[in-house]
Every structure is written in C-alpha cells, then in structure tokens.
Amino acid sequence: MVIQIIYLVIVGFVLSLNILDWKATNSRPDALWSTVSTTELVYVYLFMQTLALCVIFPFLAGSTISRERSEKTWALLRTTSMTPGELIRGKFFALLSQGVFILLISAPLLVMMTLLGGVALENLLLEYLVHVVVIAWISAVGVLSSAITKKGAASYISTPLFFFFPMLAALNGAGFTYLSEKKTITSQLINFHASEPKAFYLTISVIFISGLGSLLGAIHLTSPKNSVRSLPTRIGIFMLYGYAAIWFFVYAPSLLNMGGDRDFLILAFFAGILLVPLLRIAGAGPEVPLGIRQLGRDKPIASRLLVLFTPGGIRNLLFCVLIILLFIPAGMVEVGGTLNDPNIDLVTATAGVDFLRDLYFSVLFWLASLMALAWFLGQCGCGSILSASLAFTTHLVAVLVLTVLKMRWGIQGWPAYEPGLGMISTPFNLIQTSGSYGAINFQRGFPSYFEAGAVRVDTIFNIATFVLFTVLGCGVSLVKKMPLIAVYSGDDGKLLLDLPDTAPVLDDSGIEIDPSGADDSESGSDSQVETSKDEA
Amino acid sequence: MSLSGAILQVRNLSVSFGKIKAVNNVNFDVERGVIHGFIGPNGAGKTTTIRVISTLQVPDEGGVWVNGQNVLTQPDSIRMNLGYMPDHVGVYAGLSVHEYLEFFAMTRRIYGAKKASVIADVVELTDLGDLLDREVESLSKGMRQRMCLAQTLLHEPDLLILDEPASGLDPRARIEFRDLILELRRLGKTVFLSSHILSELSPICDSVSIIEKGRVVAHGSIDEIQTLMSQGKTSFDVTLLKDPGNELEPLLSQLPGFMLVMIQGKKFRFEWTGDVEEVSKVWELLSTNGFVISGISKKEDNLENIFMSLTTGEVQ
Ligand SMILES: Nc1ncnc2c1ncn2[C@@H]1O[C@H](COP(=O)(O)OP(=O)(O)O)[C@@H](O)[C@H]1O
Ligand SMILES: [Mg+2]
Chain A
1 MVIQIIYLVI VGFVLSLNIL DWKATNSRPD ALWSTVSTTE LVYVYLFMQT
51 LALCVIFPFL AGSTISRERS EKTWALLRTT SMTPGELIRG KFFALLSQGV
101 FILLISAPLL VMMTLLGGVA LENLLLEYLV HVVVIAWISA VGVLSSAITK
151 KGAASYISTP LFFFFPMLAA LNGAGFTYLS EKKTITSQLI NFHASEPKAF
201 YLTISVIFIS GLGSLLGAIH LTSPKNSVRS LPTRIGIFML YGYAAIWFFV
251 YAPSLLNMGG DRDFLILAFF AGILLVPLLR IAGAGPEVPL GIRQLGRDKP
301 IASRLLVLFT PGGIRNLLFC VLIILLFIPA GMVEVGGTLN DPNIDLVTAT
351 AGVDFLRDLY FSVLFWLASL MALAWFLGQC GCGSILSASL AFTTHLVAVL
401 VLTVLKMRWG IQGWPAYEPG LGMISTPFNL IQTSGSYGAI NFQRGFPSYF
451 EAGAVRVDTI FNIATFVLFT VLGCGVSLVK KMPLIAVYSG DDGKLLLDLP
501 DTAPVLDDSG IEIDPSGADD SESGSDSQVE TSKDEA
Chain B
1 MSLSGAILQV RNLSVSFGKI KAVNNVNFDV ERGVIHGFIG PNGAGKTTTI
51 RVISTLQVPD EGGVWVNGQN VLTQPDSIRM NLGYMPDHVG VYAGLSVHEY
101 LEFFAMTRRI YGAKKASVIA DVVELTDLGD LLDREVESLS KGMRQRMCLA
151 QTLLHEPDLL ILDEPASGLD PRARIEFRDL ILELRRLGKT VFLSSHILSE
201 LSPICDSVSI IEKGRVVAHG SIDEIQTLMS QGKTSFDVTL LKDPGNELEP
251 LLSQLPGFML VMIQGKKFRF EWTGDVEEVS KVWELLSTNG FVISGISKKE
301 DNLENIFMSL TTGEVQ
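Chains A and B supply the protein sequences, listed in that same order.
Per my numbering, the first sequence starts with residue 1, numbered consecutively.
Per my numbering, the second sequence starts with residue 1, numbered consecutively.
The hints are simulated quantities; they were obtained by calculation from the structure and are not laboratory data.
Some hints here could point you the wrong way.
[Said to hold, decoys possible] For each label pair, taking beta carbons as the anchor points, the in silico distance ranges come out as:
1. B/Met80 x A/Leu51: 39 to 49 Å
2. B/Ala120 x A/Leu308: 46 to 56 Å
3. A/Ala302 x B/Tyr111: 26 to 36 Å
4. B/Gly94 x A/Gly173: 29 to 39 Å
5. B/Asn42 x A/Lys494: 23 to 33 Å
6. B/Pro203 x A/Leu308: 50 to 60 Å
7. A/Ala52 x B/Arg186: 50 to 60 Å
No residue lacks a Cβ here, since even glycine has one placed at the ideal position from N, Cα and C.
Turn these sequences into a full structure, and let the hints guide you.
Listed below in structure tokens is the structure:
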C-alpha cells in the first residue's frame, strides 16, 4: 500500500513537472533535452515491458479459473447469486487490473525518462494504451483457455501454448518496431491507418472479436449446460460471427489488390478463429438437459424461432453451418469499382475476383465438412475437445492419403496437398499459401466455380464428407436414441421438469417400498407428455 | 408447490460419469427444519448428489426440487435460499477472515450497512470473533470449516448443504461443530450433511439416508431404520430382583410376539415382535405373577451395526 502511494506520488510529481515545463516553454519536452541515448532507453524499456507482458501474463491469465477449480472455490462461487457473465467479467477485470498495475510500476521511471527527452509524454501515454489493449486481449483469451481446461496443471501448459504463436508474432513486431525502427507501436498503427484504413479496421476488429468472443465463450462454458440458459450466449456468438462476416464483406474488395502477405495472414487468422470454437460447439455432443422442451412450454412461438440457437443434437451442426453461411456473401462480392480503376491490370483483377470467390467457397465447404465430422464424433460420445482435434487431424490425414494416391496414379484435379498445385481448401494449404504472393497460382489447380461445366473435386470431396458424416451422425443418434432435432418429446425425456405426485420410492432394499409408487410415477410422466403435446 | 413439508425432494435421480453410475435412481425427501444425514462410504455418490442439489451438476435423469423449485429450471432462486459448503474448503490466498466474509456477502449482493450487520451476526453465531483479522490460509481445518459455514449463512438461507463437514476435525472441533449445527436447527434451518463415518454426526441427525454404490439403501428417521433393521423386533434386557428359575418361559410364551432369547440367573433377554407400545403386557404379566423388575433396557441396535449390515450388501 505504502509502495503504491509512493509510486503514485512520484508519477504525479513528474507529471506535473512535465506539464509545467511544457507550458513554460510551449514546446515538447523532447525539444529541450532530446538525446539519442534516452530515446533508445525508452524504446528498450518499452520492449522489455512487452516481453514481460507476453511471457508472464499468459501464465497468470491461464490459471485464473482453473486455479479456482482445483481449490474448489469455483463451485462455491457458482452457488452464489453471481451469474456466469458476472464471474467471467470479474475474472477479466481482475486480470486487467493486475496487468495495469504491472504497467503502473514502470510508469514513474518512464515518465522521468520523458523529462530527459526522447518520447513525448502524450505518445508514451498512447503507447501505454496499446499495452493495456494487449493485456486486455491476453486476459480475455486467457480466461477462455482457463475455462476450457478442467485441470490446473493442464491449464498452466495449455494457455502459454495457446498464446505461443500470437505472442511470438507480437514480440517479433514489438522488437522490429521498438528496437530496429525506433518507433512506437502507436505511430506504426497511425501509419497503417493512413495507408490502408480497411485493413487497419479489420485488424482492430479481429482483436476485438477474438477478445469479446473469448469472453462469450468462457461464459458459455461456465453456464449450466441448459440450452435455454445458454441461449443469450449462443446468440451473442452468432452475432460476433456476423460482425466478422460483415468485415469480410467490406474488406474483400481490397484483398483484390493483393498487397501480399498480411492480407492472407489476416484471412488465415480469421479462418482459425472461425474454426476452433465452432468445431467445439459442433462436437459438443447431445447432452441437452432441458432442451427446447422447457422453452417450448414457456414460450411456444419463440421456441420455434430460436430452436437453431439452442444446443443439442443436430442443432449443434446446424448452428455452426448457419454461422459459416454468414460468410458466403463475402465470396459473392462484385468489385466493379476496383475493376474500373485505370491503374489496375484488368486480367489480374478479374482473376483476383474469381480466385477470391473460389477461395471463399472452398474454405466454406471445407469448414462444413469438418463441422460434420466433429458433430459425428460428438454424437459418438467424444468430448468436444477430442471431437474437434480428431476432426481436424482426420481431415489432414485424408488429404495426405489422397496426395499419396495422386502421386501414385497422377490423377489431375484430385484434392491433394501439393505445394505447386495444391488445394487451398485444407487448413494445411491455407496456412501454407497464406502470406504468399503466389496464392492465386495454387488455386489455379482447380477449375473455377464459375467456369461452365467445371467440376471441383475438392468440393465434391467436402460435400460428400459433409453428407456422409451428417447421415452417420443421424444414424448414431437414432441407434443411441439421442436427441436429433426433436422439439418436445424424446429430447432429454428422462429429466423431470415437474415434481411427480408420488412419495419417494426405494427399490430392492425392502425399505419404504410403496408398490403403487411405480405406476403413479409412470402416469405422472404421461400427463407431462400430454401437457407438452397440448401446447404443441 | 410442495404439498408435504419437504424442503428437498429428490426423484429418480441418476448421474453417470462415463460408465460409472455415480448416482442410480435415488429418491428421498427431507423435511423442513430437520438435520438430515446423508451417509455412505467413500465413492458412494454423496458428493455427486450434493452437487446436483446445489445446482452445480446437471443430472442425467430425474430431478431435484428445493422448496418445490426444480434445480434445472430455477437454479437462481434456489441459490438464493441455499447455503453450500463443498467437501474441501478452498480459500483465497492473502485474504483475512473478515475480507473473505465481505467478499462472499458481495457475491450474494449484500452491500453497505446490511453487509456489516449480516457479517456481525454470522460471526457471532459461528464464534469467529477472535479470528476476523487472521489470514484465511493460516486457519486450522476446524476454523476453516466454521468460516465456510459462516459464509453459507450470509444470505440467510433455509437449507444448508454441507458436504463432509466434520471430516478431518479433531474431537473437540467436531463437538463444537455439532453444537453449531444444533443451534442452526434451532434457528429453523434445515441442515443436509454428508459423512462417510456414521458415528460422526448421526447422534444429532433427525433422519438419515444411507447410500451405497449410487443407491439409497435406507431412508427414514433413525428410529424407523432401527425398527426396520430388526424386522419389527425389539430386544429388551430385563433384570429381576430374584432368580425366576424355570417359571419364566412357560408364563411369558403365552403372549404372542414374545420370544425368549436367553436367560442367565436374574437376567434375561427377549425379542418382542410387533408394536413396541404393547410390550407393557410383558411387564404387567410379570408383576401380576409376583416378579419384581429391578431394571429394563431396550437394546438399541447400534447405528454403526446397521450401517455395516446395510453397506455390506446384506440388505440388498
Ligand atoms: N467428475 C467426475 N468424473 C468421473 N467420475 C466421477 C466424477 N465425480 C465423481 N465420480 C465418480 O462417481 C462416484 C461417486 O463419487 P462421489 O459422489 O464423489 O462419492 P462420495 O462423495 O460419496 O465419496 C465415484 O466412483 C467417483 O469416482
Ligand atoms: Mg464426497
């Protein structure tokens, strides 16, 4: 406490000195005392700070819920009046404030450095804002990662893994900006905004979507597995994807200019964001305690409208496919305005439009196929994480097998992994081709969807697997008598919504057995079915 | 909603973890204002049942009603009226007891002056006054249990669900804990507590359910269970003033329901089948025939024995 106060006093003192000085000279402090060495010092410090945030914070964030789970305080919290939303929000802001506190510790030092020149105070404050955003993002994703992992130890490992690539990229970027370029991230962002506003907003919204989506996902995981209660979260997830789709739609035309690496990285990143939570939702299995039955009883009309958004059985698959469909308009975009630009080579641009549409369609079909596989695995009883990763791996293995067959028989247009002439519709190739100027050429291995009489083997492959796994999943559900798309009956029928009128019955033991009890409870459930039918 | 006085109703409850049926078609009621013991060996399914009751676990089949409200459809209003103490009381590092209670008061949406008065009340009840500034981590097991119990009382719930509250307590702490629970019953609370050791808390229980391998094998008041266990027979040890010789058996055997178990000098033991009230016929018959009774004791079938016989499968 004392230390905090001392820090705040120092910050306040230096800040006021700075402002006084700035007012007196009516110019920036760096104009007075600017020296190269202090500038460098500030940048080195900013880099070290980023390093610390990226290295330490994921560990901190990743254990936030799992630690509570292992200490059994989580169960206690969940029996209080706190809603899952409040709990997750609380966790998020607790992490955020911890992170901001870490920043505050370093603040006095940096503020003093600005007195010596180098970076202007307001730029430094903006830079701190960027760091706060980074912390907020790590906190949000960390809360999700922590909510996913049940066991504390696993969470300690999984979260840093989760963050490994983004953090590596962040460190790389921070190192480049601070150490090589000797600029602030803020100024880089401002340049980015000036040169490519759409890409800028796209990037910002990716951060926003993934952060908000992570928090929503964590709430979803924390909510009781009751479809009606998870309805708002599901609708929220749907709306976030809708937002992402709109950005795709808006941004798609500028992809045409093929700025190169970054555009495709962003696309791959989006595909990645799309994939992980959707695969998990698809593979979540039909454990639908109190499915739509309850909602149907309370709100018969709303239940019909909302049925797709409630979890359970094939609704999981349909929900995910519905989200994928949101992205189709982006593939259809006609970019006449760009084509009329006299500076653009018309042939390349037209090819770009076709390529873009093909890319969208093949990615969407691939996603649908993968969803169906994950769903099928979920129906077979795999957990959602297992289903998601199995689906992903199976698809890769299938493509690799096809590749071997293709090399053996040299079949043209076969879906296969091939650097020169591959299909872009597998994650393998998507990642491989992203960031490559030659992406268009890879896609050229297939005829365009818009060529007359074109047959896309990759699409046939993906649609066929989609149908196959959907049928198989339905078959498994029927055999296992699991809810498929039932609205009222059959669906979690063994859960009791209404208290049977009978006294408790003890079986076998001979104690407190009421022979009429069994009949009564049956007639009790009959009458319940009747009420549901009446309302239906 | 509920016609009976039951505060807790469990019907056809089943919970599975993969192939393990942790809870298998469990049915019982708990009356309002009683102390109910939920007793069974480790792994019997107590914690799982308790988690369903506390709205933490979704069952596979059946349902649980608290105050006539279904845990699945109305978890929020149930939580307002239920205090839950988990089997292991975890604590947040660096908090004092007072901060811990304040935190949980806020999670119950109790703020301001109300919070201060509520905390003062539960602190007095659970006798935590001397510990308020202690760090939670430095507390002994018994103190932690009391602190957690205090936490369950903050929002003045009617039903307290305590999972193995007495396990790991030293004898003194256990006795204090029993007194505390009796005090809570006096305040009108219903206390549902689990234990894997019957003798630990059964002396204060009004009713018990005995669970084994996911099934409730006996349920009722302790008297009922004892009667049922002895199949309606009650044993009595009687001491007479002087040795009755051989006269006793022909005399008493005329009473239906009487069976002499053993006779040894002035002492004898018999089993009485049927209504225990009517055993007075034995005393009348003895006194009209000039036998003076110097001592009678009804032989209590030790609950521990009942527990052993129930949970070794004898009953099943
Ligand atoms: N989360 C879980 N996952 C798998 N099995 C579990 C889980 N929780 C409990 N079980 C199993 O269910 C059975 C009952 O456990 P529990 O309710 O904790 O028993 P008790 O509290 O009576 O000791 C045990 O066999 C236990 O292994
Ligand atoms: Mg237990």
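Now the hints, each set against the structure:
1. Against the hinted window of 39 to 49 Å, the Cβ-Cβ separation of B/Met80 and A/Leu51 comes to about 47 Å, which satisfies the hint.
2. The hinted window of 46 to 56 Å between B/Ala120 and A/Leu308 holds, with their beta carbons roughly 51 Å apart.
3. At about 34 Å, the CB distance of A/Ala302 to B/Tyr111 agrees with the hint of 26 to 36 Å.
4. At about 36 Å, the beta-carbon gap between B/Gly94 and A/Gly173 stays in the expected band of 29 to 39 Å.
5. As the Cβ distance of B/Asn42 to A/Lys494 is approximately 28 Å, the hint placing it in 23 to 33 Å holds.
6. A C-beta distance of roughly 56 Å is found between B/Pro203 and A/Leu308, which places it inside the suggested range of 50 to 60 Å.
7. The hinted range of 50 to 60 Å is satisfied by A/Ala52 and B/Arg186, whose Cβ atoms lie roughly 56 Å apart.
Hint violations for this structure: none, all hints satisfied.
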